[in-house]
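For the sequence shown, position 64 matches number 63 in numbering that gives the first Met the number 0, and the numbering has no gaps at all.
Don't take every hint at face value.
To be verified - Derived DEER-like restraints, expressed as beta-carbon distance ranges: (1) Asp138 / Asn103: 22 to 32 Å; (2) Pro179 / Ser201: 40 to 50 Å; (3) Arg199 / Asn166: 19 to 29 Å.
In case anyone wonders, no lab produced these hints; they're calculated from the structure.
Note that CB positions come from ideal geometry on N, CA and C, so glycine has one too.
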Amino acid sequence: MQLGNSITKRKRDRFDRFKIIFPILLAGWIPSILTLIVSYTILRDTLESRILRDRQTLIQLLGHVVGHDLSRSSAIINYYQTLPEVAKILTWPNPLPAAQQWLNSAFYSHPNIDGMFLAGPDGTLVASIPTAPEMVGKDFGSSHWLEQAAASDEPVVSPVHQRLSDNRLVTDIVAAVRAPDRTILGYVGDSVLVERIGKRLSEIDFSDRFVFEVLDQNGASLFANDFKPNPSVTSPQGGFLMNEIRQNKSG
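The task is simple: from the sequences and hints, build the whole structure.
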């Protein structure tokens, strides 16, 4: 009877010494911000003190690598959301020509972002890179970012989703462009490919003692094997982990 209770207890201790969950917070903590949950499991028996040291070092490294591209992209959007030229373009009756020209100039000034767009106050596309002429005037995946961006003065980072122009997995960093009276004129955003983040992680020489899973704030798994983008964007345990983390924070 005691053995059965011990086994049950071990199964329940999902955040015990053999696993760790670490949220990387960007642009302030609100529910819409992308939280990359890095989970790893120790596969060998080692001294507990050594495990703790390894965990701390590993988490610091992963936090830097994963947050690097996202933080830089957030800083870019933070600058452009207050640029008078952007606000001016979004108020024009026919903003497309000027918007596309401005995007071409802005995007190629930043080699480490993978896409950029301007959208109207209702989330419809004004202009984008990669270009998507068939999407101009249509909703540009605003369900992933509009509500959160409208409620924030800072850029927000969306959950992972497929980019409409080419179906590649991205996360969008989006900010509202506002008039002096705080009216939303539209949105400016850039995109970071999941494969870019995976490539940076794959360059780290991890010990074979560690198995990783990276989740967004909705519990979607970013990577399949070898840090390749996960085509299904689902994780069997992702939703459970996120719910448990939220319960722990609220408790």
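Structure-based check of all given hints:
1. A C-beta distance of roughly 23 Å is found between Asp138 and Asn103, which places it inside the suggested range of 22 to 32 Å.
2. The supplied range of 40 to 50 Å is met by Pro179 and Ser201, whose beta-carbon atoms lie about 46 Å from each other.
3. Distance hint check: the CB atoms of Arg199 and Asn166 are about 22 Å apart, consistent with the given range 19 to 29 Å.
Consistency note: the structure conflicts with none of the earlier hints.
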